[in-house]
Amino acid sequence: MSDDANLFAQQQSNRRRSRLLTIGFMLFFAWVGFGGDLALYLITADAPPDSYHHIIPFIGVFSVAAAGAICWYSWRHGAERVLWATGAWELIEPATPEQKQLVNVVEEMAIASGLPRPRVWVIADPDPNAFATGRDAASASIAVTEGLLAKLSRDELQAVVAHEMAHVRNLDVRLMTLLAGMVGAIALLSDGMGRVIGRGSRVTARRGGSGKGNPLGIVILVLWLLTLVVAPVVSRVLAMAVSRRREYLADATGAQLTRNPMALASALEKLAAATDPTKSITQGAAHLCIVDPAPGVLSAREGFLADFIASHPPIRQRIIRLRGMGYQQAKREAMETPA
Amino acid sequence: MATIVLLVVIGVIVLWVIGAYNGLISLKNQVVNGWKQIDVQLKRRHDLIPNLVNTVKGAMDFERSTLDAVISARNRAVGASGVQQTARAEGELTQALGRLFALTEAYPDLKATGNVAQLQEELTSTENKIGFARQLYNDVATQYNTRQMQFPTNLVAGLAKASPAELWEIEDAAERSVPIVDLSANKRGA
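Residue numbers (the working numbering), protein chains in the order written: chain A, 3 to 341; chain B, 84 to 273.
By construction, these hints were calculated from the structure, which means they are not laboratory data. It is possible that part of the hints are untrue.
[To be verified] The following label-pair restraints were derived from C-beta to C-beta distances:
(1) K119(B) to R325(A): 45 to 53 Å
(2) L117(A) to A200(B): 45 to 53 Å
(3) V105(A) to G181(B): 19 to 27 Å
(4) A200(B) to W91(A): 18 to 26 Å
[As the list claims (entries may be wrong)] Computed list of lysine to any residue pairs in SDA-like fashion (alpha-carbon distance at most 20 Å, straight line):
(5) K119(B) to I108(B)
(6) K126(B) to Q201(B)
(7) K126(B) to K281(A)
(8) K194(B) to Q101(A)
(9) K102(A) to P247(B)
(10) K153(A) to T177(B)
(11) K119(B) to P247(B)
(12) K102(A) to K119(B)
(13) K140(B) to T177(B)
(14) K140(B) to I108(B)
(15) K102(A) to E204(B)
(16) K102(A) to D130(B)
(17) K102(A) to K244(B)
(18) K244(B) to V97(B)
(19) K126(B) to I87(B)
(20) K102(A) to K140(B)
(21) K140(B) to V97(B)
(22) K102(A) to K111(B)
(23) K111(B) to Q233(B)
(24) K102(A) to Q201(B)
(25) K281(A) to R83(A)
(26) K194(B) to A97(A)
(27) K194(B) to T98(A)
(28) K194(B) to E175(B)
(29) K126(B) to I108(B)
(30) K140(B) to V123(B)
(31) K244(B) to Q233(B)
(32) K194(B) to P99(A)
(33) K194(B) to R246(A)
(34) K194(B) to A152(A)
(35) K102(A) to K194(B)
The structure presented is a predicted model; accordingly, all values stated were derived computationally and were not measured. Cβ atoms here follow ideal geometry from the backbone N, Cα and C, with glycine treated the same way.
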């Protein structure tokens, strides 16, 4: 019963965070749009009567409409886009024994978690990795790389699939998939706006910048530029923080589904040992994966910042916790079984 | 005034009876459904075994007794009815199959011929599915049994024709227990 309560609390928290995320995203785009309008309005307010005055806030209207469209799209098609971006293909008719085993294992975990069977996808990449995506349990997909199928034993594969099923069951997939769409959109917006501003500033400079702009307008413009520069970083850090917290829980729930924490521990060992990056999975979807697709890059370059930015808790820490669960389990069994 | 109070009280009671009744019926259906899930997997297992026996028969002719044990265990399992009888028969079948697979290890050629490996994978998966479906069934059945015995739901149990569902007990000591999730550790690390 307490497990049910835990699960319900986790699902509620993910629903709430998904809503908050959408609201925050809309507010951010509103600020980018209307803030830009305000800055332009203030700056052009003192201009000679015959020159351009920015009165209609069309940037704001356009950017809020765009944000709405992006939210809707991430909600409806986020999972498809993530799968498309990794080049995954759907496994419908298993051809090799490995593929058959994958389908079997996914079916087993669907039964264990009491959920409908998610769609199964394979990514043509030699590095072992896996992720789950979707809006809810009914529309969920689980994707694994070919490297994962080749390197893991049956029990280990089952453990990894159980970890992904745990993400599906906790509704982590909803939050993570929305995040993937929005992080991507913000990166794109920041890039695009940077280009527009670059051109715009050259134009004003040519017009013989008198330097007599409205001071408030300048302040807002600076603030506005600052958000545009900082937003991609902030959104990525947010995605990573949200993901890290959920990895431990998915490890634990997954181990509960298979009743075999040691298998996940040894699977993580193998995933950690494969230090090559998962090339098919780009930064935008990194937070969805069971292990960071680009291991070492952040930690090597940014030192202590890695702790803050890394999408996943240190894999050593996860293995230690799973082993702890395994030992506890063995101890209890030893006590329960009369000698 | 008094009649209104009386009507409200009766209304509340009727609503509660409806709610409790529907709750029991829904649990009962979940139990039936849980058992169906097990049944599907058991059928699949029974269908796979003749294939396996036929494939290995030629190569393992002198292991006749093991093969016969598997076949007779399978036939008993097919004929079993009721939760307890099925549980016992399926347990015996699992053991007989275990011995057969242990023997096939001694025939590398046999394992190399894809077919056996494939059948073994199918049987392993089916066995896992039975195991997980059994967990789910036992969970729902326990919930159903508790609910129909608890006061005040037990007053409606007769109306809903609820009777305790049998659990699928296993004596297998090697069966793994559920690991405990320590959530305090999860929070500290986040």
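Compare the distance between the alpha carbons of K102(A) and P247(B) with 20 Å, and conclude whether the hinted pair is satisfied.
Answer violated: K102(A) to P247(B) is near 39 Å, above 20 Å.
Taking 20 Å as the top limit, are the C-alpha atoms of K244(B) and Q233(B) close enough?
holds (15 Å)
K102(A) and Q201(B): Cα distance at most 20 Å?
It holds: about 9 Å lies between the C-alpha atoms, which stays within 20 Å.
Pair hint K194(B) and Q101(A), alpha-carbon separation not exceeding 20 Å
The hint holds at about 18 Å.
Should the hint that L117(A) and A200(B) are 45 to 53 Å apart at their CB atoms be regarded as holding?
violated (29 Å)
Is K102(A) close enough to K194(B), meaning Cα to Cα at most 20 Å?
It holds: about 17 Å lies between the C-alpha atoms, which stays within 20 Å.
Restraint check for K102(A) with K119(B), where alpha carbons must lie at most 20 Å apart:
Judged against 20 Å, a Cα distance of about 24 Å means the pair is violated.
Has the given pair, K119(B) with P247(B), been kept, meaning a C-alpha gap of at most 20 Å?
holds (17 Å)
Is the hinted range of 45 to 53 Å satisfied by the C-beta distance from K119(B) to R325(A)?
Taking Cβ atoms as reference, K119(B) and R325(A) lie about 38 Å apart, which means the hint is violated.
Are the Cα positions of K119(B) and I108(B) separated by 20 Å at most?
holds (16 Å)
Given the proposed pairing of K194(B) with E175(B), does the C-alpha separation stay at or below 20 Å?
Answer violated: K194(B) to E175(B) is near 24 Å, above 20 Å.
Given the hinted pair K194(B) and T98(A), is their Cα-Cα distance within 20 Å?
Holds, at about 16 Å.
In terms of the numbered hints stated before, the structure departs from hints 1, 2, 7, 9, 10, 12, 14, 17, 19, 20, 21, 22, 28, 29, 30, 33, listed from lowest to highest.
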